[in-house]
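Visitor: In order, the protein sequences belong to chains G and Y. Under the numbering used here, the residues of the first sequence are numbered 1 to 285, in order. Under the numbering used here, the residues of the second sequence are numbered 1001 to 1232, in order.
Because the hints were derived from the structure by calculation, they are not lab data. By construction, the Cβ of each residue, glycine as well, lies at the ideal position given by its N, Cα and C atoms. Possibly wrong hints are sitting among the right ones.
[Stated by the list, open to error] Below, simulated DSBU-like cross-link-like pairs (lysine-lysine); rule was C-alpha separation at most 30 Å, straight line:
hint, chain 1, residue 1, chain 2, residue 2
1, G, K189, Y, K1120
2, G, K241, G, K189
3, G, K104, G, K199
4, G, K164, G, K189
5, Y, K1134, Y, K1120
6, G, K164, G, K104
7, Y, K1002, G, K102
8, G, K199, G, K189
9, G, K241, G, K199
10, Y, K1134, Y, K1112
11, Y, K1112, Y, K1143
12, G, K224, G, K189
13, Y, K1143, Y, K1120
14, Y, K1120, G, K199
15, G, K241, G, K263
16, G, K199, G, K224
17, G, K263, G, K189
18, G, K241, G, K224
19, G, K164, G, K199
20, Y, K1002, G, K189
21, G, K164, G, K224
22, G, K263, Y, K1002
23, Y, K1120, G, K263
24, G, K164, G, K241
25, G, K189, Y, K1134
26, G, K164, G, K263
27, Y, K1002, G, K104
28, G, K224, Y, K1002
29, G, K199, Y, K1002
[Said to hold, decoys possible] Chain Y regions said to be covered by chain G (calculated; three or more residues, Cβ under 8 Å):
hint, region
30, 1031-1037
31, 1144-1150
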Amino acid sequence: MADTMIPAEEPEAPTNRPPAMHRLREWLSRRYVRHILIITVVVGFVLLPLCWLMLAAMNQSGGPASSIMQDIQQTIFVFTLVSIPITSFVFAVLLYSLFGWKGKSGDAPPNNDNPAIRTNAVAVITWTATSSLLAGFLVVWGLVELADITADSYGSTSATGQPKTEDALIVNVTGQQWVWTFEYPQYDKVATDVLYLPKDRPVLFNVTSVDVIHNFWAVELGIKIDANPGAITQTGVTPNKEGTFNVRCAELCGLHHAYMETKIEVLPDQAFTTLMRENGGGQTR
Amino acid sequence: MKRFLVALVSVLVGAGVVAGVAFFASSTSGEPPLLVAEPAGTVDTPEGPVNAANLELYVYPNSSDAVPGPTEGVNALYASQGWPFYWPSTTLQVPANSLVTVTIYQYDSGGKVFNPFWAKVHGTVDGTMTVNGKTVTEVDPTKVAHTFTVHQYPESGQPYLFVSVPLPDLGANAVGNADPYVDTPKEVTFTFRTGAPGTYVWNCEFPCGDQYQEFGGPMQQRGWMSGTLEVV
Chain G
1 MADTMIPAEE PEAPTNRPPA MHRLREWLSR RYVRHILIIT VVVGFVLLPL CWLMLAAMNQ
61 SGGPASSIMQ DIQQTIFVFT LVSIPITSFV FAVLLYSLFG WKGKSGDAPP NNDNPAIRTN
121 AVAVITWTAT SSLLAGFLVV WGLVELADIT ADSYGSTSAT GQPKTEDALI VNVTGQQWVW
181 TFEYPQYDKV ATDVLYLPKD RPVLFNVTSV DVIHNFWAVE LGIKIDANPG AITQTGVTPN
241 KEGTFNVRCA ELCGLHHAYM ETKIEVLPDQ AFTTLMRENG GGQTR
Chain Y
1001 MKRFLVALVS VLVGAGVVAG VAFFASSTSG EPPLLVAEPA GTVDTPEGPV NAANLELYVY
1061 PNSSDAVPGP TEGVNALYAS QGWPFYWPST TLQVPANSLV TVTIYQYDSG GKVFNPFWAK
1121 VHGTVDGTMT VNGKTVTEVD PTKVAHTFTV HQYPESGQPY LFVSVPLPDL GANAVGNADP
1181 YVDTPKEVTF TFRTGAPGTY VWNCEFPCGD QYQEFGGPMQ QRGWMSGTLE VV
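Taking the hints into account, I'd like the entire structure generated from these sequences.
Guide: Below, the structure is given as structure tokens:
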């Protein structure tokens, strides 16, 4: 058996590369790096108020009026906050590229013989790890919140379609070009064009349509579900704030789709019962 | 100079295309002429005297020589479709903070309304209307011809307004070919109160059109079974 010749490893060539920290300091001392980092911080601080402005805009109509909507707003806030550093850095590089390296009139054309850009392992690892961590955080946050919202918005058991709790209010919602109507089967089928709800009582919505597809969107309550002709879809919520809120259609449904909206009145439980009684509905729950 | 001319021509061509599209859209919008409610003096109410106004509308089963139907813009293309329509207009204007009495002469047949909510009277004074002089709060949901339903327009600051009355079926035999129209329409009268100025939309909630579930055609077209109500 012939001896296998294993080539001996060549000794590493002597190098004069400085240590990593030294290289980092050297990199940070470069003019363009400093400028891009400064622009990143400035843009970041400029964008930061967006987190609160968005919530303020969403709450102009009085919301949030349920824990579901509170969860949704919290998620939007966190996602916006997390995205600001990345957005700021991208804008900083963009702005510096546009203005910092802008050629002047009379400049010679770029030299095509400049050295090629080489891979920078530190940079690649840094941005990959950072992006993965951020994306992973958003995925985990999103899944946890989604599970939480889903649990809150399904007021019925999946097997029977009946409410999970005995005191739940059932509202049959019908979408029709271009008006919403609401029927209360527990109150002698009182029917209204305004959605009246009691505060702090679970509500189960049975949603349908008699013509085309609509979408029942209780804006400040944070629930939205399709209204399909010939089918019943279910969603649920527990309003936790009294006030006047909005129902809109969120599915393009014809000429007056943009006007297919109505009010939600969230009332104290006793006031709600009184209102139903005044409309001919005796409480049967 | 050549570059300047090319840019100028490009801008002019672009502006011409935009202007052409705008002109086409404007000329074919089919928005019917404004129908203003007639002032009718004042009415004494528990809250004091209130201005009153009257509005008169007709509902026909289809266009005829006697009443050709809406012809504005694109509506002229639909004249031969046999669509029902409100006449003389679907663009209505009524005074603010007033009692508005609407009289509708209904000449069409009908059937069962999908949602019984529309067989009831909503949003009128006392929650009633009169049909051929008889006061009612609802009609038979299997004999509804059309509805006149005013609802909210998503503009902030204007008061909520929701009015809906069912127009009873005339009966297919009574309608016949409807040309000329019968002499004995259903006469529906109701009164509602307006608040501060605002703009609303209204439409028929009885499926009297074509296409899916009969909610297409005239149901989707102003000048026929949909319109606007301006409170000024």
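Visitor: Each of the hints needs a verdict: does it hold here or not?
Guide: Results of checking the hints against the structure:
For the hint pairing K189(G) with K1120(Y), the CA-to-CA distance comes to about 14 Å; that is within 30 Å, so the pair holds. Simply put, K241(G) and K189(G) have alpha-carbon atoms about 25 Å apart, close enough for the 30 Å limit, and the pair holds. Among the hinted pairs, K104(G) with K199(G) is inconsistent with the structure: their alpha-carbon atoms are about 66 Å apart, more than 30 Å. Annotation: proposed proximity of K164(G) to K189(G) holds, straight-line Cα distance about 21 Å (limit 30 Å).
For the hint linking K1134(Y) to K1120(Y), the alpha-carbon distance of about 15 Å falls within 30 Å, and the restraint holds. Using a Cα cut-off of 30 Å, the hinted pair K164(G) and K104(G) is violated, with the two alpha carbons roughly 71 Å apart. For the proposed pair K1002(Y) and K102(G), the alpha carbon gap of about 28 Å is at most 30 Å, so the pair holds. The hinted pair formed by K199(G) and K189(G) meets the criterion: a straight-line CA distance of about 20 Å does not exceed 30 Å.
At roughly 6 Å between alpha-carbon atoms, K241(G) and K199(G) fall within 30 Å of each other, so this suggested pair holds. Distance restraint check for K1134(Y) and K1112(Y): the Cα-Cα separation of roughly 22 Å lies within the 30 Å cut-off, and the hinted pair is therefore satisfied. Proximity of K1112(Y) to K1143(Y) is assessed by CA-CA distance (about 6 Å); at most 30 Å being required, the pair is judged to hold. A hinted pair counts as satisfied when its Cα atoms are at most 30 Å apart, and K224(G) with K189(G) qualifies at roughly 23 Å.
This hinted pair checks out: K1143(Y) and K1120(Y) have alpha carbons roughly 12 Å apart, not beyond 30 Å. With a CA separation close to 29 Å, the supplied pair K1120(Y) and K199(G) stays within the 30 Å bound. This hinted pair checks out: K241(G) and K263(G) have alpha carbons roughly 15 Å apart, not beyond 30 Å. A C-alpha spacing of about 19 Å is found between K199(G) and K224(G), which places the hinted pair at or below 30 Å, so the restraint holds.
With a CA separation close to 19 Å, the supplied pair K263(G) and K189(G) stays within the 30 Å bound. Note on K241(G) and K224(G): the hinted pairing holds, with a Cα-Cα distance of about 18 Å set against a maximum of 30 Å. A C-alpha spacing of about 17 Å is found between K164(G) and K199(G), which places the hinted pair at or below 30 Å, so the restraint holds. Between the alpha carbons of K1002(Y) and K189(G) the distance comes to roughly 76 Å, so the proposed pair goes past 30 Å and is violated.
A threshold of 30 Å between alpha carbons decides the hint, and for K164(G) with K224(G) the separation of about 19 Å falls inside it, so the pair holds. As the CA atoms of K263(G) and K1002(Y) are separated by approximately 60 Å, the hinted pair breaks the 30 Å bound. Of the pairs offered as hints, the one joining K1120(Y) and K263(G) holds, with about 20 Å between alpha carbons and a cut-off of 30 Å not exceeded. Taking the CA atoms of K164(G) and K241(G), the gap is near 22 Å; set against the 30 Å cutoff, the hint holds.
For the suggested pair K189(G) and K1134(Y), the alpha carbons sit about 26 Å apart, so the restraint of at most 30 Å is met. A hinted pair counts as satisfied when its Cα atoms are at most 30 Å apart, and K164(G) with K263(G) qualifies at roughly 26 Å. Annotation: proposed proximity of K1002(Y) to K104(G) holds, straight-line Cα distance about 25 Å (limit 30 Å). Distance restraint check for K224(G) and K1002(Y): the Cα-Cα separation of roughly 57 Å exceeds the 30 Å cut-off, and the hinted pair is therefore not satisfied.
Between K199(G) and K1002(Y) the CA atoms are separated by roughly 71 Å; this puts the pair beyond 30 Å, and the hint is violated. Here the region 1031-1037 of chain Y counts 0 residues with a CB under 8 Å from a CB of chain G, which misses the bar of 3, and the coverage is violated. For a cut-off of 8 Å, the count of residues in the region 1144-1150 of chain Y with a CB near a CB of chain G stands at 1, and the three-residue condition is violated.
Taken one by one, the earlier hints fail for this structure at numbers 3, 6, 20, 22, 28, 29, 30 and 31, listed in ascending order.
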